[in-house]
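Engineer: Given next are the chains, with one letter for each unit.
2 protein chains.
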Amino acid sequence: MGLIVQKFGGSSVATTEKLKLVAEHIKKELDLKNQVVVVVSAQGKTTDRLIAEEKEITKNPSAREHDVLVSTGEQITIAKLSMTLAEIGIKAISLTGWQIPIVTNSNYSNSRIRYIHNETITEYLRAGNVVIVAGFQGVDENGNITTLGRGGSDTTAVALAASLAADRCDIYTDVDGVFSADPRIIPEPKKMDTVSYDEMLELSSMGAKVLHNRCVEIGKKYDVPIYVKSTFEKNSIGSLITKDNNLEDLVINGVTKDDYISRITVVGLENKIGRTYSLFKLLSEHSINVDVIVQSFGEHITKDLAFTVKMNDLPKTLEVLEQNKEAISAKEILHCENLSKVSIIGVGIANKPGVAADMFEALYENNINMHMVTTSEIKISVLVDANKADLAVKALHEKFFK
Amino acid sequence: MGLIVQKFGGSSVATTEKLKLVAEHIKKELDLKNQVVVVVSAQGKTTDRLIAEEKEITKNPSAREHDVLVSTGEQITIAKLSMTLAEIGIKAISLTGWQIPIVTNSNYSNSRIRYIHNETITEYLRAGNVVIVAGFQGVDENGNITTLGRGGSDTTAVALAASLAADRCDIYTDVDGVFSADPRIIPEPKKMDTVSYDEMLELSSMGAKVLHNRCVEIGKKYDVPIYVKSTFEKNSIGSLITKDNNLEDLVINGVTKDDYISRITVVGLENKIGRTYSLFKLLSEHSINVDVIVQSFGEHITKDLAFTVKMNDLPKTLEVLEQNKEAISAKEILHCENLSKVSIIGVGIANKPGVAADMFEALYENNINMHMVTTSEIKISVLVDANKADLAVKALHEKFFK
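Residue numbers (the working numbering), protein chains in the order written: chain A, 748 to 1149; chain B, 748 to 1149.
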């Protein structure tokens, strides 16, 4: 007998019919003699509707009251799913975030989980219940309702799986797993059977919107096997996210793309200790998020430094840099807009120089110019012109998955 | 500086515009240097919508999960009202039933309040907040969400006023107070400035749907002055429900009507101790609610016993009585359908026999037949044919209020 945590998102629980489908997924695990804890999101567009109603009242809602408002969405789902299960003879009980409780800090609308009390859940499981938990919500130490922000229900599910030492956490979504590329660009991307936590973190932060990084990080920290499965495809096997991966074999696990990027080059920085630090401190003080950074070292008195920011941060970034040009001792600020970052992800990339060569060859053959290259242990990213980005994804997919 | 509890029902909080109107009522009390606790219901048809969605899933919802579901309605309102107040610069905080907590028994969907913790509310009041409380809901001693059933938000308001020793409880509704008769029958009924708790209890149970009996009972027990006021009429003074009433003066305070009543007569019951008891025990075992009971005593070996039940309980009642005719030793079961109960309410009626005579005269003059008469300390009720009921109300209103 195992313990499984299942998570169903908003589109999986949107209607009475879909709730019945969810109940079937739960029943399947019970038939296998497993205990089941289910985490659900708000139904369909419920949260959007509540936020639209909120906007009618105020443009600057109190974060505390916002959480009181939107947390009702998941509460509605848990009650309905519990009733749906009862209709097919399955004993179930619903629990809100505060009833468990899932205790968070008081950072409303973007709270972090501090700890989870297991007692209530385990008692209900022991009494033969399916336990249905409202995702996305918690309670702070003063009894205020909190919500976890983006990816909240995934985070609830993996955190519960960690806390309860569940055998696995199944994240049901509307796709059948983690894919090697966005199906909107590559018509038949390859589904990955196994992905490591680190690869998944790279994939998530690079625009593969299957799982939020927070939940993958918790999975990694507590070693929770996470399956990403389809709610709607029967017998979906999905993808397993886990630490196990054979580091000897190089596996390119995905090609991703991130749009709306601009590159800024700071030319002629004094080649002295502390200069790079003061530049990025300045940007951080203005809440500008920097992604890739490349620095050219040499024997010169000066150095050049390039980095990328999101397009909508570009005007602010240029303004800040120009105003502080002297302070940071830069000669010139150059920039380049309308770029995309295209990456290949795979454990062991760092140990196989041939991969980079294959990647650059594929881009060269397709006449795609690279504005910047960076590599990490498990990924290689290049900046390309935005209008060549989809072509780049196709070329790389062709190269590594055919 | 006083402490006022205000309660706004579903139609008073139905829209963003109406919430602004509610905020004005709150602001008025703050301007008078009062502290304010506000109890709200779910907006407009929210509860009805949730119940309709529930019916899609099941015809027999778990009472526990039903309460989890419907309690979201009030939670939405408290957050929205808190935001509405913030928009006009009023510091406010929302509290659900469990956050206070309002502790009830575990009788889901029809829970009784056991006790209320005042600490959280009084702390927030002391810190200068308007405290906005979700009506209708509580939490049992095991942390399950409960709801209070019909009249729940009124009950929350008056119970809070009692617990906090508030100076008064203002119940805002869509009528401007308690009236001497239903405005749908009497075009210009008299608004009562003051009504005693007992009169209000009679009025409520007789079909004047302004306040639920439970909240009046709590008001009476803890001596909470309750004002019934209009949300929509500016400067509404409303009606005060209180214990103070001059018992020396006879005041007829209302004429009420209760429809869909049938009378059953059990003829020829053995005139022995225990016969009446076993008859009503039998009905109670079948969950049949009996209202008026009249028993004819005499020197005979047998007695007749008449009582009223709601029309929709009639078939079941007749079936039960016929099946047990021998057991209860009845000769015959007669019944009469399509009756209405018309009553006049007023402190001191019992001490003024002339009132009954005036009442019967008014009915006689209008050719209205009385099928049964009962009296209490503060009311006289008669059963009349349903099609004469409105005429009876008019005749009595004419008699006592012109």
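Wrong hints could be hidden among the right ones.
Since copy identity is lost for identical chains, a pair holds within one copy or between any two.
[Unchecked claim] Derived DSS-like pairs: lysine-lysine, alpha-carbon spacing no greater than 30 Å straight-line:
no.: 1; residue 1: Lys806; residue 2: Lys981
no.: 2; residue 1: Lys1050; residue 2: Lys806
no.: 3; residue 1: Lys802; residue 2: Lys792
no.: 4; residue 1: Lys1072; residue 2: Lys1050
no.: 5; residue 1: Lys1019; residue 2: Lys792
no.: 6; residue 1: Lys780; residue 2: Lys1028
no.: 7; residue 1: Lys767; residue 2: Lys806
no.: 8; residue 1: Lys1146; residue 2: Lys1072
no.: 9; residue 1: Lys1078; residue 2: Lys767
no.: 10; residue 1: Lys792; residue 2: Lys765
no.: 11; residue 1: Lys1146; residue 2: Lys938
no.: 12; residue 1: Lys806; residue 2: Lys774
no.: 13; residue 1: Lys765; residue 2: Lys806
no.: 14; residue 1: Lys1146; residue 2: Lys780
no.: 15; residue 1: Lys1063; residue 2: Lys967
no.: 16; residue 1: Lys806; residue 2: Lys838
no.: 17; residue 1: Lys775; residue 2: Lys802
no.: 18; residue 1: Lys806; residue 2: Lys792
no.: 19; residue 1: Lys1135; residue 2: Lys802
no.: 20; residue 1: Lys1135; residue 2: Lys806
no.: 21; residue 1: Lys767; residue 2: Lys792
no.: 22; residue 1: Lys1019; residue 2: Lys802
no.: 23; residue 1: Lys802; residue 2: Lys1141
I should point out that these hints are in silico values taken from the structure, not numbers from a laboratory.
Engineer: Indicate, hint by hint, whether the structure satisfies it.
Structural biologist: Each hint tested on the structure:
no. : hint              : in the structure
1   : Lys806 x Lys981   : between (43 Å within a copy, 29 Å between copies)
2   : Lys1050 x Lys806  : neither (44 Å within a copy, 73 Å between copies)
3   : Lys802 x Lys792   : both (15 Å within a copy, 20 Å between copies)
4   : Lys1072 x Lys1050 : within (15 Å within a copy, 107 Å between copies)
5   : Lys1019 x Lys792  : neither (53 Å within a copy, 67 Å between copies)
6   : Lys780 x Lys1028  : neither (55 Å within a copy, 48 Å between copies)
7   : Lys767 x Lys806   : between (37 Å within a copy, 15 Å between copies)
8   : Lys1146 x Lys1072 : neither (43 Å within a copy, 91 Å between copies)
9   : Lys1078 x Lys767  : neither (64 Å within a copy, 55 Å between copies)
10  : Lys792 x Lys765   : both (14 Å within a copy, 25 Å between copies)
11  : Lys1146 x Lys938  : within (16 Å within a copy, 85 Å between copies)
12  : Lys806 x Lys774   : between (44 Å within a copy, 21 Å between copies)
13  : Lys765 x Lys806   : between (34 Å within a copy, 18 Å between copies)
14  : Lys1146 x Lys780  : neither (44 Å within a copy, 75 Å between copies)
15  : Lys1063 x Lys967  : neither (36 Å within a copy, 64 Å between copies)
16  : Lys806 x Lys838   : between (43 Å within a copy, 17 Å between copies)
17  : Lys775 x Lys802   : between (41 Å within a copy, 25 Å between copies)
18  : Lys806 x Lys792   : both (20 Å within a copy, 25 Å between copies)
19  : Lys1135 x Lys802  : neither (38 Å within a copy, 53 Å between copies)
20  : Lys1135 x Lys806  : neither (38 Å within a copy, 57 Å between copies)
21  : Lys767 x Lys792   : both (18 Å within a copy, 26 Å between copies)
22  : Lys1019 x Lys802  : neither (49 Å within a copy, 71 Å between copies)
23  : Lys802 x Lys1141  : neither (41 Å within a copy, 49 Å between copies)
The earlier numbered hints that this structure contradicts are 2, 5, 6, 8, 9, 14, 15, 19, 20, 22, 23.
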